[in-house]
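Colleague: Sequence:
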Amino acid sequence: MVDSIVGTVCATIVPVSTLVTGEAVALDVRAASLGARAVSCAIDFVVYGIAYSAIMFSAAWVIDWSTIVDSLLGRTLTLLLTVLTLVLIPCTVEALTRGRSLGRLICGLRIVREDGGAITFRHAFIRALLWQFEVFATGGGLAALVGLLSPQSKRIGDYLAGTLAVNERAGMPRFARIAVPQHLVPWISRADVSPIPAGLHYRMVQFLVTAEQRTPASRLDRAIELAEEVNPFIAPAPPPGTHPEEFLAAIIGRTRHEYALRMQRSARSTEAFRARVGALPFGQRL
Numbered sequence: 001m002v003d004s005i006v007g008t009v010c011a012t013i014v015p016v017s018t019l020v021t022g023e024a025v026a027l028d029v030r031a032a033s034l035g036a037r038a039v040s041c042a043i044d045f046v047v048y049g050i051a052y053s054a055i056m057f058s059a060a061w062v063i064d065w066s067t068i069v070d071s072l073l074g075r076t077l078t079l080l081l082t083v084l085t086l087v088l089i090p091c092t093v094e095a096l097t098r099g100r101s102l103g104r105l106i107c108g109l110r111i112v113r114e115d116g117g118a119i120t121f122r123h124a125f126i127r128a129l130l131w132q133f134e135v136f137a138t139g140g141g142l143a144a145l146v147g148l149l150s151p152q153s154k155r156i157g158d159y160l161a162g163t164l165a166v167n168e169r170a171g172m173p174r175f176a177r178i179a180v181p182q183h184l185v186p187w188i189s190r191a192d193v194s195p196i197p198a199g200l201h202y203r204m205v206q207f208l209v210t211a212e213q214r215t216p217a218s219r220l221d222r223a224i225e226l227a228e229e230v231n232p233f234i235a236p237a238p239p240p241g242t243h244p245e246e247f248l249a250a251i252i253g254r255t256r257h258e259y260a261l262r263m264q265r266s267a268r269s270t271e272a273f274r275a276r277v278g279a280l281p282f283g284q285r286l
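The sequence shown runs contiguously to residue 286 in our numbering.
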C-alpha cells in the first residue's frame, strides 16, 4: 500500500450544486451562473418583446383599434393578448421543451426541478406568471437582484416553483495533481481515516489546487483551519512538526487511493459475474 500511495493523486475540481432526489440520492450538478442566466433572459426578453409588439400591431391592423381602444372591449383584448404573449406562450414553450427556451437553448441551460427531474406544466406556469413581473415589468432588475443574493442564481419564480437552472454544456473537469509527501507515506498508510464529509473533502481538494494562488499568510491560515477541521477524522495524529498543507495532501492521497481500489474491486467483480453468466455447460462458450 505504501508504494501505491507514493507519487501523485489526480483530483477533480468542479463547481457543483447538490440536488437530492425523491429517493434521497444526492446528485451533483453544475448550476447555471448568473451571467449565463442573464444572457439567456435577455434573449428571451427581446424575443417575447418582439412577439408582443407583432401580435399587438397585427390585432390593431385586423381590428379598427381606434374605435375600441378606450372601451371595455379594447382593454379586455389588450389584457388577453398580453397574457397570451407573456404568460401562455412562454409557459407552453418551457413545458413542451422540458425547461428550455430560445435563450436557454443558445446558452446551453435547462430548467429542472429541485430533485433533478423534468419540470411539468405547473412549474412552467408559476415561472411564467412571475417572469412577467420579475423580468418584463422591471427590465430584469428584480430577477438580477434576487439572483445575486441566491447561492444558485435563482429568481423568485424558481423559489416558488421549486426549480433550478442547470448548465448542460459544462466543460470537462480540470484535473490537478496533488503530491503526497514522501515522509508522510509510512504514517498515512497505517492511519485510521474515518469517512470525511463530502463538503469538507471538496474544500480540502479545492484549497490544495488553488494554494499557489494565495498569499503565504492566507495559505497558511487556511491550511491550519482545514487541518483542525479534519483532524478528528484521523488517528493517530501525524508526526510532530508536520506542515498542515502536507497533512491535507496526505489525507487526500489516502482517500483517493482507497477509492481507486474500490473501483478496481468493483470492476473485477463485474467481469467475474459476466464471465459466469456468459459461460455455457461442458466448457462451451457463447
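For the record, the hints were derived by calculation from the structure and aren't laboratory data. Heads up, the beta-carbon is just placed ideally off N, CA and C, and yes, glycines get one too. Check each hint, because a few of them may be wrong.
What the hints assert, rightly or not - Derived CB-CB ranges, DEER-like:
(1) L81 to I106: 24 to 32 Å
(2) P239 to Q213: 37 to 45 Å
(3) T138 to V193: 45 to 53 Å
(4) L148 to M56: 43 to 51 Å
(5) M56 to Q213: 52 to 60 Å
(6) P240 to R265: 33 to 41 Å
(7) A118 to S218: 39 to 47 Å
(8) G241 to V39: 23 to 31 Å
(9) P240 to T215: 21 to 29 Å
(10) R169 to M56: 49 to 57 Å
(11) S58 to D115: 39 to 47 Å
Colleague: For each hint, tell me whether it holds in the structure or not.
Modeller: Right, here's what the structure says about each hint:
1. L81 to I106: 24 to 32 Å: holds (26 Å)
2. P239 to Q213: 37 to 45 Å: Roughly 28 Å apart at Cβ, these two residues miss the hinted range, so it is violated.
3. T138 to V193: 45 to 53 Å: holds (52 Å)
4. L148 to M56: 43 to 51 Å: The hint (43 to 51 Å, Cβ to Cβ) is violated, given that L148 and M56 are roughly 33 Å apart.
5. M56 to Q213: 52 to 60 Å: holds (53 Å)
6. P240 to R265: 33 to 41 Å: Because 35 Å falls inside the window, the suggested range holds.
7. A118 to S218: 39 to 47 Å: Cβ of A118 to Cβ of S218: about 43 Å, so the range 39 to 47 Å holds.
8. G241 to V39: 23 to 31 Å: Since G241 and V39 have Cβ atoms about 52 Å apart, the given range 23 to 31 Å is violated.
9. P240 to T215: 21 to 29 Å: holds (27 Å)
10. R169 to M56: 49 to 57 Å: violated (35 Å)
11. S58 to D115: 39 to 47 Å: Since S58 and D115 have Cβ atoms about 41 Å apart, the given range 39 to 47 Å holds.
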